[in-house]
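So the sequence lines, in the order shown, correspond to chains B, U and Y.
Quick note: the first sequence uses our numbering, first residue 1, plus one each step.
Quick note: the second sequence uses our numbering, first residue 1001, plus one each step.
Quick note: the third sequence uses our numbering, first residue 2001, plus one each step.
Keep in mind the hints are simulated off the structure, nothing from the lab.
Treat the hints loosely; a few may be bogus.
Said to hold, decoys possible - Heads up, incomplete: computed chain U residues facing chain B, CB under 8 Å, no partners named: (1) A1135; (2) L1173; (3) V1273; (4) A1306; (5) I1310; (6) M1316.
Stated by the list, open to error - From chain B, some residues computed to sit far from chain Y (all C-beta separations above 12 Å): (7) L12; (8) V76; (9) S122; (10) L136; (11) G137; (12) V146; (13) E175; (14) P208; (15) V210; (16) Y256; (17) V275; (18) L278.
What the hints assert, rightly or not - Far from chain B by the CB rule (all over 12 Å, computed), these chain U residues: (19) V1034; (20) V1116; (21) R1126; (22) P1177; (23) Q1179; (24) V1194; (25) V1200; (26) F1291; (27) I1295.
Note that CB positions come from ideal geometry on N, CA and C, so glycine has one too.
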Amino acid sequence: MESFLQQVVSGLATGGIYAALALALVMIYHSTNHLNFAQGEMAMFSTYISWSLINAGVPYWIAFFATLVIAFAGGVVIERLIIRWVEDAPVLTVVIVFIGLLMIFNSVAGWIYSYDIKVFPSPFPDQPIQIGTLYLGPHDVGAIAVTLIVLAILFLFFRYTSLGLAMRAAAENPESSRLVGIRVGRMLGMGWGLAALIGAVAGMMVAPIVFLDPNMMAGILIYAFAGAMFGGISSPGGAVFGGFFLGVTENLAGSYIPFIGNELKLSVALVIIVVVLLVRPSGIFGKVTVSRV
Amino acid sequence: MVTSTVTPKTIKSPAARTAWLNGRYPRVAAMAVVLVVAASLPLVMSDYRLFQFTLAYIYAIALLGLNLLIGYNGQFSLGHGAFFAIGAYTTAIMIDRWDIGYGWTIIAAGAICLVVGFLFGIPALRIEGMYLALATLALALATPQFLKYHLFEGWTGGVQGIVIDKPEAPFGLPLNPDQWLYFFTLAILLLAFVLGWNLVRGRTGRALVAIRDHRIAAQSMGINTALYKSLIFGVSALYTGVAGALSAIVIQFVAPDSFTLFLSIFFVVGIVVGGLGSITGAIYGGFFIQFVPNIADAISQAAPWAIYGIFLIVFMLVMPLGIAGFLAILWHRLIMGRLASDGNEGHPTET
Amino acid sequence: MSALLQISGLEAQYGLTKVLHGVDCRVEEGGITTILGANGAGKTTLLRAVCGMVKTSGSILYAGQRIDGKATEDIVRLGIGHVPEGRGTFVALTVEENLRLGAYTRKEKNKVAQDYERVHRYFPVLLQRRQQQAGTLSGGEQQMLAIARALMLGPKLLLLDEPSFGLAPIVVLEIFEIMRTVNQEEGVSMLVVEQNASLALNLADHAYVLETGRIVLDGPAEEIRGDDAVRRSYIGY
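Pulled out of the complex, with its shape left as it was, chain B reads as follows (with noise of 0.2 Å):
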């Protein structure tokens, strides 16, 4: 029992890495209507950014939010620059625009700083939490909580200010939102920029874990996306449930169906979730989108 809890805790803790990615791809999700695909080399280039301010000698939570002031200016950058060219554009169009920036990310954080494996410091204090029988990384607990701070903040924004009520509308319908005087494009860039500064969190709170190489976000990106669809696309909080219960269910079954191990655990997860969209198409927590005919 003692070594089943202590396979959930852990479970959670790297469920919360996937809980806060998914976190971000649901918020540009929200923003702009797209999954972006690029998220995970934003949130990692992102985080090689602030390690080189931590290197210069800036102190850690000074280079934790200029890192936030850069990428959110990065994101809202890139909209103008690039993704509003696309926006009328076919879906697809817009996904390999997003393939297309993945690339370049990847590519030039390898260039910049090349593949070697970095370490990256954790804020919090390194002695093991204690409760019981059970031990608790700090980090892993201090991941968790600003991964939920920072959902309860967003869900206070789009809830209840103005500016995340318009972006909100950009995002659903552009025409009308022009039509109460929103400016679509400044919404559009500004989720960008959002979503972005969501991924530098979530990457800054990954790399000490899974440390920092150019390619850390690729297999996170991945669970990410599943814990996003499996909560259901439209639900931050869900989001937020589908990467725990992913981090956790990929544990659980690694250490407790003999036959899976390490070798198929990631499969094994994958085919818990398409089960459950098989059963709720939209998610657990999704809504369910009504279509007219």
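Here the structure of chain B is known, so what remains is to put chains U and Y in place on it, guided by the hints.
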């Protein structure tokens, strides 16, 4: 307004000329030229170049299948690398273990993929859009894991994969193996092309497009959407499986790491860059997949994928409808331009 | 009376197809103008042109100021509310959020709050549906929401694109009654595009008939109603 009562045979009105230019003859002529050029390439090209072209054709076959599914039926698959892998492994195992003739293994690979694709298409009916992308993505991710899985190693060769021999040209044809496989692949591509063309131009094609554009309306017109959707999933898997089988023969080697998620992503890149919902688009896409990474590498060895990414973005910004869509617009402009110089407007101005 | 909206020589095209061929029309301060015409006559294009949603040539004067060539967002800020074809509600957002968005450009909190109450007086059903997603409303309720949202802008001029489209006759009557009230009590001018000519002519004080992108007839609503050709083509008796 043209009010000519003279038969178009004697005096070609601009409208008749437009119809002729938009009709089948220019296309057939263009295709004949392309075919002649393709058939004479072995005379002028090195074996290695020929091998690259063969691979481009193979990708084109796979893209043709994927385009039937995504472009014509609107089902998004990020998992066709899996069918490519199934086709390749079917061929490799049959040749390696049972010494079966490669021609038969291709048929077997196609048949197996047809069945697997059809079966996968049935649960896929319940999910759409990005959710279908996720389900198929899972398929693509799981593929290398399963190919490496230790219980299957006796068949798949595990991480090492399987090495097979390159077939010689039959009937004493004066061709070396590379040249023979080039023609062999070209012939299959042609067959795939013609079959695909017939499929999308007929009743089935109209049903597929109707389902893509408005599933509920299609259903209420009596189209069995479930059957068509899973059937086209099977057919597209068949195309991709045949391509996979050919790739195993041409490369003489299969291994799990050739069939990662990237393969599936490249397929999607190929059909979008080539042109969604366009049969000829598959060929442009095949060449893109095969040659653009080389070009990118030649431009910058330090960050080739950044160059590739820039290529992708520029292609999409300039040609949001893919190469085929771009050419169609260009062709249309050309015709309109000719008409304008004839001093006539192409369309009446009122609707 | 002076003209609030003055359109002259307006031309518009989609691709190669020209839709408006030099249209002249005006809306008086405090007046209701209607534009009648069959499908494809260019009515919707005309309204969209006023809001800067199609490229045009010619001039559009609003309160004495050129607005053609301006961005939609800026035109809206001048006090032009547009109830678009197909209603254009934000279907995934709640009714309340739709109304909040209507007042997005306005800073004066008190007046917005007043307007919020006022539109609920006109359309009490929206208050009941406050927390519901707009997409789940009936067609009539969606049209009410669309009009209410445009009113939340505090407009001086309201553009309405076929407010009767697809609605039950009793709902249509209710909506037109409210439009009349808004016009009379608040002095909001209106430009109404309609296929239901008899309804529109009852409401409006001035009417234009648009056929394939040209104004073929115009005059006081009374007069147009009496016109034999109009009666046969658009009213149907």
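Okay, the hints, checked on the actual structure:
no. : hint  : in the structure
1   : A1135 : holds (5 Å)
2   : L1173 : violated (41 Å)
3   : V1273 : holds (7 Å)
4   : A1306 : holds (4 Å)
5   : I1310 : holds (6 Å)
6   : M1316 : holds (5 Å)
7   : L12   : holds (31 Å)
8   : V76   : holds (18 Å)
9   : S122  : holds (39 Å)
10  : L136  : holds (39 Å)
11  : G137  : holds (39 Å)
12  : V146  : holds (29 Å)
13  : E175  : violated (7 Å)
14  : P208  : holds (37 Å)
15  : V210  : holds (35 Å)
16  : Y256  : holds (40 Å)
17  : V275  : holds (27 Å)
18  : L278  : holds (24 Å)
19  : V1034 : holds (25 Å)
20  : V1116 : holds (15 Å)
21  : R1126 : violated (5 Å)
22  : P1177 : holds (34 Å)
23  : Q1179 : holds (34 Å)
24  : V1194 : holds (26 Å)
25  : V1200 : holds (18 Å)
26  : F1291 : holds (16 Å)
27  : I1295 : holds (14 Å)
The structure does not agree with the numbered hints 2, 13, 21 stated previously, though it agrees with the rest.
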